[in-house]
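Position chain B against the provided structure of chain A, taking the given hints into account.
Protein chains: 2
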Amino acid sequence: MKPYIEMTKDELAAEHKALSKEYEKYLAMNLSLDMSRGKPCKEQLDLSMGMMDVLNSGVDLRCEDGTDCRNYGCLDGIPEAKQLLGDMMENNPNNIIIYGNSSLNVMYDTVARAMTHGIMGSKPWCRLDKVKFLCPVPGYDRHFAITEYFGIEMIPVPMSPTGPDMDMVEELVSSDPAIKGIWCVPKYSNPSGYSYSDETVRRFARLRPAATDFRIFWDNAYGIHHLYDKEQDYLIEILAECKRAGNPDLVYKFASTSKITFPGSGIACLATSLNNLEDIKKQLKNQTIGHDKVNQLRHIRYFKDIHGMMEHMRKHASIIRPKFEMVEDVLEKNLGGLGIGSWTKPKGGYFISFDSMEGCAKEIVLRAKKAGVVMTGAGATWPYGKDPKDSNIRIAPTFPPVEELEVAAKLFVLCVKLVSTEKLLEVQNEDSSD
Amino acid sequence: MKPYIEMTKDELAAEHKALSKEYEKYLAMNLSLDMSRGKPCKEQLDLSMGMMDVLNSGVDLRCEDGTDCRNYGCLDGIPEAKQLLGDMMENNPNNIIIYGNSSLNVMYDTVARAMTHGIMGSKPWCRLDKVKFLCPVPGYDRHFAITEYFGIEMIPVPMSPTGPDMDMVEELVSSDPAIKGIWCVPKYSNPSGYSYSDETVRRFARLRPAATDFRIFWDNAYGIHHLYDKEQDYLIEILAECKRAGNPDLVYKFASTSKITFPGSGIACLATSLNNLEDIKKQLKNQTIGHDKVNQLRHIRYFKDIHGMMEHMRKHASIIRPKFEMVEDVLEKNLGGLGIGSWTKPKGGYFISFDSMEGCAKEIVLRAKKAGVVMTGAGATWPYGKDPKDSNIRIAPTFPPVEELEVAAKLFVLCVKLVSTEKLLEVQNEDSSD
Numbered sequence: 000m001k002p003y004i005e006m007t008k009d010e011l012a013a014e015h016k017a018l019s020k021e022y023e024k025y026l027a028m029n030l031s032l033d034m035s036r037g038k039p040c041k042e043q044l045d046l047s048m049g050m051m052d053v054l055n056s057g058v059d060l061r062c063e064d065g066t067d068c069r070n071y072g073c074l075d076g077i078p079e080a081k082q083l084l085g086d087m088m089e090n091n092p093n094n095i096i097i098y099g100n101s102s103l104n105v106m107y108d109t110v111a112r113a114m115t116h117g118i119m120g121s122k123p124w125c126r127l128d129k130v131k132f133l134c135p136v137p138g139y140d141r142h143f144a145i146t147e148y149f150g151i152e153m154i155p156v157p158m159s160p161t162g163p164d165m166d167m168v169e170e171l172v173s174s175d176p177a178i179k180g181i182w183c184v185p186k187y188s189n190p191s192g193y194s195y196s197d198e199t200v201r202r203f204a205r206l207r208p209a210a211t212d213f214r215i216f217w218d219n220a221y222g223i224h225h226l227y228d229k230e231q232d233y234l235i236e237i238l239a240e241c242k243r244a245g246n247p248d249l250v251y252k253f254a255s256t257s258k259i260t261f262p263g264s265g266i267a268c269l270a271t272s273l274n275n276l277e278d279i280k281k282q283l284k285n286q287t288i289g290h291d292k293v294n295q296l297r298h299i300r301y302f303k304d305i306h307g308m309m310e311h312m313r314k315h316a317s318i319i320r321p322k323f324e325m326v327e328d329v330l331e332k333n334l335g336g337l338g339i340g341s342w343t344k345p346k347g348g349y350f351i352s353f354d355s356m357e358g359c360a361k362e363i364v365l366r367a368k369k370a371g372v373v374m375t376g377a378g379a380t381w382p383y384g385k386d387p388k389d390s391n392i393r394i395a396p397t398f399p400p401v402e403e404l405e406v407a408a409k410l411f412v413l414c415v416k417l418v419s420t421e422k423l424l425e426v427q428n429e430d431s432s433d
Numbered sequence: 000m001k002p003y004i005e006m007t008k009d010e011l012a013a014e015h016k017a018l019s020k021e022y023e024k025y026l027a028m029n030l031s032l033d034m035s036r037g038k039p040c041k042e043q044l045d046l047s048m049g050m051m052d053v054l055n056s057g058v059d060l061r062c063e064d065g066t067d068c069r070n071y072g073c074l075d076g077i078p079e080a081k082q083l084l085g086d087m088m089e090n091n092p093n094n095i096i097i098y099g100n101s102s103l104n105v106m107y108d109t110v111a112r113a114m115t116h117g118i119m120g121s122k123p124w125c126r127l128d129k130v131k132f133l134c135p136v137p138g139y140d141r142h143f144a145i146t147e148y149f150g151i152e153m154i155p156v157p158m159s160p161t162g163p164d165m166d167m168v169e170e171l172v173s174s175d176p177a178i179k180g181i182w183c184v185p186k187y188s189n190p191s192g193y194s195y196s197d198e199t200v201r202r203f204a205r206l207r208p209a210a211t212d213f214r215i216f217w218d219n220a221y222g223i224h225h226l227y228d229k230e231q232d233y234l235i236e237i238l239a240e241c242k243r244a245g246n247p248d249l250v251y252k253f254a255s256t257s258k259i260t261f262p263g264s265g266i267a268c269l270a271t272s273l274n275n276l277e278d279i280k281k282q283l284k285n286q287t288i289g290h291d292k293v294n295q296l297r298h299i300r301y302f303k304d305i306h307g308m309m310e311h312m313r314k315h316a317s318i319i320r321p322k323f324e325m326v327e328d329v330l331e332k333n334l335g336g337l338g339i340g341s342w343t344k345p346k347g348g349y350f351i352s353f354d355s356m357e358g359c360a361k362e363i364v365l366r367a368k369k370a371g372v373v374m375t376g377a378g379a380t381w382p383y384g385k386d387p388k389d390s391n392i393r394i395a396p397t398f399p400p401v402e403e404l405e406v407a408a409k410l411f412v413l414c415v416k417l418v419s420t421e422k423l424l425e426v427q428n429e430d431s432s433d
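Going line by line, the protein sequences match chains A and B. Quick note on numbering: the first sequence equals residues 0 to 433 in numbering that gives the first Met the number 0. Quick note on numbering: the second sequence equals residues 0 to 433 in numbering that gives the first Met the number 0.
So that you can see chain A by itself, here it is in the shape it has in the complex (with noise of 0.2 Å):
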C-alpha cells in the first residue's frame, strides 16, 4: 500500500470506509484488553515462585554478621542485599541503602526531603520562590505526577536514541539555578527504550550546574531488563563517572527488584556518594526504624548472587521478547511504508514508545478504548499529561497473554490508520475548502 499522505482524497475516502468495518467488527467483539502499564505477565511473576520457599520455620533467619532479621533494626539494609543490588547496579556495596518495596516511594522520599530540608545544607526548596526540573519526553508519568505533586516546574526536554538533548541540558542547568533536577530511566528508557550514548552519560557526569543543591534522578529501572541474550546495551556506570570527573555527589540512583521478582514485593535500592548517604540517612532514621530484612533475605537466599540473578532475568526474556517481536511484527506488517507512524525497537525495558501523526494520538487511544483495549493515556508521557504534538502512544505489550496481545496491537494498528484517514481527510477537506 502506498503512504497514505500520496493518497488523492477518494482512495483515502476509500480506506476509511473498509477500515471502517473492520473496527466495526472489533467492537462486536466486546473485547476487555489492557496494554496500558507496565506489568509483569502471570507467567514472569510464576518464574520467582521459587523464592516463596526459602525461607520457612526450619531457616535461621539471621544474615551473615549474625543480625536477626526478624527483629528491629539495621537502618540501610542487611550487607549481603548491599552487595547483590551493588552487582546488579554495579555499585560498591558502601554506596547503596536498602529501602521498603519501591523505588518510586524513594524517588518521592528523596524529593520531599529536598522540598522541607534541602540537600547537603541547602535551603529548602519549599522556601524558594521556584523550582524547577528538566523532564527528557517522552517520559515517565510517575516520575513527573512526583513532581508535579510538589509544585515543581516541569521543562520538557527532546529525548533521542542516544538520550536527553544534552546541548539543552547543559544550557539549562548551567545557567538557571531553579533547575534542580532532571529525571532520567538512562537504560532501556521509560517509554522509548532508548539507552544513553557514552557520550550523553560523559557529559552528565560533567554537568556545572548553577545550582549546587543540583541532583540527576538516574533511575536505573531497567538496568538488567534485556530482551536480548547478545544485543544488550551497556552503560558507563554514572557514579563512577561522576567521581572521575569531580563531581561525586552529582547522582541519585534508584532500582528494585520490582521487575525481577515481585512489583509490590520486591527490594528497592538507592546508590549515591556518601555524602549524600550521610545527608540521607539523617532523614532517614527519623522516618523508619529499618526497612523489611526478611524479605530482603528471601531475594537473597534465593538469587545467591547476581548470577542468580541474571539467569532469573533471561527466563523473563524469553517470555516477553516474543511478545515484544509481535508488536512490532504487526505494527511493521500494517504500518510500515504508510508514513502515519514511527515506533521504537528496544533491546530491553517495558515499552515501545509509538509516535503517530500530529493531533492523532489521543483520537487513537479513545478508538482503542471504545473497542475495549486500555494503553496509557495519550499525552501520559508527557509532564502534565500534555503532549504538544499529541502524537506519543506507549504501548505495553508484558501484561496480557501474546494471544490477546496479538489482538490488541491489531486493533492498535488499526485505529491508527483509522484516525490517520480521518486527519488526512480533514486537512484535505480544509486544503479544498480554501
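Read the hints as simulated data drawn from the structure, not as lab findings. Careful, some of the hints might be misleading.
Which copy is meant is left open, so a pair is good if it fits within one copy or across any two.
Within a straight-line C-alpha distance of at most 27 Å, the following computed DSSO-like cross-link-like pairs (lysine-lysine) qualify [said to hold, decoys possible]: (1) K129 with K281; (2) K242 with K122; (3) K131 with K281; (4) K24 with K1; (5) K303 with K242; (6) K368 with K284; (7) K281 with K368; (8) K314 with K229; (9) K242 with K422; (10) K385 with K281; (11) K131 with K280; (12) K41 with K303; (13) K41 with K284; (14) K280 with K385; (15) K361 with K284; (16) K368 with K332; (17) K344 with K361; (18) K344 with K20; (19) K41 with K369; (20) K16 with K332; (21) K361 with K8; (22) K24 with K368; (23) K242 with K385.
The structure presented is a predicted model; accordingly, all values stated were derived computationally and were not measured.
For chain B alone, kept in the frame of chain A given last:
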C-alpha cells in the same frame, strides 16, 4: 531499711560504701546487657515462625477479590488485610489504609505531607512561621524525633495514670492556632504503661482546636499487647467517639503488627475518617503504586482472623509477663520504702517508667552503662532529650533473656541506690557548709 532521706550523714556514707563495693563486683563481671529498646525477644519472634510456612510455591497468591498479590496495584491494601487490621484497631475496614512495614514511617509521612501540602486544604505547615505539637511526657522518643526533625516546637504536657493533663491540652489547643497536633500513645503508653481513661478519650474527642488542621496523632502501638488475660485495659474507640462528638476528622490512628509478628517485617496501618483518607490518598498515589501485598496475605493466611491474632498475643504475654513481674519484684524488694524512686506497673505494652530522685537519672544510666548494662538514654522520654527534672528512665524488659534481665535489673537498682546516696550526701554537705 529506712528511707534514705531519713538517714544521717554517717548512715548514708556507710550505705554508700557498701553499695560501691557491690558495684565493683558488677564491674568485674564484664556484663554486656541491653534494656534499652522495646524489642521482642527471640522466643517471641519464634512464635511467628509458622508465618514463614503459609505461603509457598504451591499456594495461590490471589486475595479474595481475585487480585494477584504478586503484581502491582492496590494502593490501600487488600480487603482481608483491612478486615483483620480493622478488627485489631476496632475500626471499619473502609476507614483503613494498609501501609508498609512501619507505622513510624506512616506517622513521619503524615507529618511530612502536612508540612508540604497542609491538611485538607489548609496552608502547608512549612509556610507557617511557627508550628507546635503537644507532647505528653514522659513519651516516645521516636515521636519527638519526627517533630524535632521538621522544626516543630514541642510543648510537654504531663502524663498521669488517666492520660495527659486534659485541662492543659484543652486550654492550649483551643487558644493557640499554631498547635497542630499532639502525640498520643493511648493504651499501655510508652513508657508509663498508662491507658487513657474514658473521660480523657471523651475530652479528646470534644476538643475545639483553634487550628482547623489540628490532628490527634493516636499511636495505638499496643492496642492488643496485654500482659494479663483478665486484667486488661479497655479504651473508648477514638474514631467513633470523635464522630459521635461531631469531630469526625480530628484524629489519625496508627498501628502495626511489628510487635505481633516480626518488627520490620510486619504490616502497618492508618485509620481515619473518609475525608482524611481522601486527602491522604491524593498524596499516597504519587508516592507508591502499592505496599507489599504478599506480606499482607502472609499475615492473613497465618492468623486467619482476629481471634487467631488474640490467641497469638496470649503467647507473647506468657513470655514477657514473667519479665515484667521479675523487674517489678527486683524494684520492689530493693527500692521499696527507700523513697528514692517510683515506677509504674503496666498491664500491657513494652515498658516500665521509672522516676528517680530529681537530678539522678543521667547519672544512674551512666553508672549502669559503665557496668555493661545499656538503658534507654535518660532524657529520651522528653522532647529534645531534655528531662527538666532529670528523673525519668524507661525500662524495657522484653528483649533480654530472663536470667540476664535479672542481673541487669539488680545492677539497675544498685545504681539507683548508689547515685541516690551520693545525691543525698551532696545535699547534706551543702547544708553543713552553710
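Each hint tested on the structure:
Within a single copy, K129 and K281 get their C-alpha atoms as close as 25 Å, and across copies as close as 23 Å, so both meet the 27 Å cut-off. For a Cα distance limit of 27 Å, the shortest separation of K242 from K122 inside one copy, 24 Å, qualifies, whereas the shortest one across copies, 41 Å, does not. For the identical chains of this complex, K131 and K281 are neighbours both inside a copy (25 Å) and across copies (22 Å), given an alpha-carbon limit of 27 Å. Proximity of K24 and K1 under a CA criterion of 27 Å is satisfied intra-copy only: 24 Å inside one chain copy versus 98 Å between copies.
Taking the shortest alpha-carbon separations for K303 and K242, neither the intra-copy value of 30 Å nor the inter-copy value of 52 Å comes in at or below 27 Å. In the homo-oligomer, the alpha carbons of K368 and K284 lie at most 27 Å apart only across protomers (23 Å), although the nearest pairing inside one protomer, at 46 Å, exceeds that limit. When the C-alpha separation of K281 and K368 is checked against a cutoff of 27 Å, the pair qualifies only between copies, where the shortest distance is 25 Å, while the shortest distance within a copy is 47 Å. With identical chains, the CA atoms of K314 and K229 are at most 27 Å apart within one copy only, with a shortest distance of 14 Å there and 56 Å across copies.
Proximity of K242 to K422 under the C-alpha cut-off of 27 Å is found in neither arrangement, the shortest distances being 51 Å within a copy and 56 Å between copies. Taking the shortest alpha-carbon separations for K385 and K281, only the inter-copy value of 20 Å comes in at or below 27 Å, while the best intra-copy value is 37 Å. For the identical chains of this complex, K131 and K280 are neighbours both inside a copy (25 Å) and across copies (25 Å), given an alpha-carbon limit of 27 Å. For the identical chains of this complex, K41 and K303 are neighbours both inside a copy (24 Å) and across copies (26 Å), given an alpha-carbon limit of 27 Å.
For a Cα distance limit of 27 Å, the shortest separation of K41 from K284 across copies, 24 Å, qualifies, whereas the shortest one inside one copy, 37 Å, does not. Taking the shortest Cα distances, K280 and K385 sit within 27 Å of each other only across copies (23 Å), while inside one copy they are farther apart (36 Å). In this homomeric assembly, K361 and K284 come within 27 Å of each other (Cα to Cα) only across copies, at 24 Å, whereas the closest approach inside a single copy is 45 Å. Taking identical chains as interchangeable, the C-alpha atoms of K368 and K332 lie at most 27 Å apart only when both belong to the same chain, with a minimum of 22 Å there against 77 Å between chains.
In this assembly of identical chains, the alpha carbons of K344 and K361 lie at most 27 Å apart only when taken from the same copy (22 Å versus 67 Å across copies). For the homomeric pair K344 and K20, neither the shortest alpha-carbon distance inside one copy (30 Å) nor that between copies (81 Å) is at most 27 Å. Taking identical chains as interchangeable, the C-alpha atoms of K41 and K369 lie at most 27 Å apart only when both belong to the same chain, with a minimum of 26 Å there against 58 Å between chains. Taking the shortest alpha-carbon separations for K16 and K332, only the intra-copy value of 20 Å comes in at or below 27 Å, while the best inter-copy value is 97 Å.
When the C-alpha separation of K361 and K8 is checked against a cutoff of 27 Å, the pair qualifies only within one copy, where the shortest distance is 24 Å, while the shortest distance between copies is 90 Å. For the homomeric pair K24 and K368, the shortest alpha-carbon distance inside one copy (14 Å) is at most 27 Å, but the shortest distance between copies (80 Å) is not. Taking identical chains as interchangeable, the C-alpha atoms of K242 and K385 are never at most 27 Å apart, the minima being 36 Å within one chain and 42 Å between chains.
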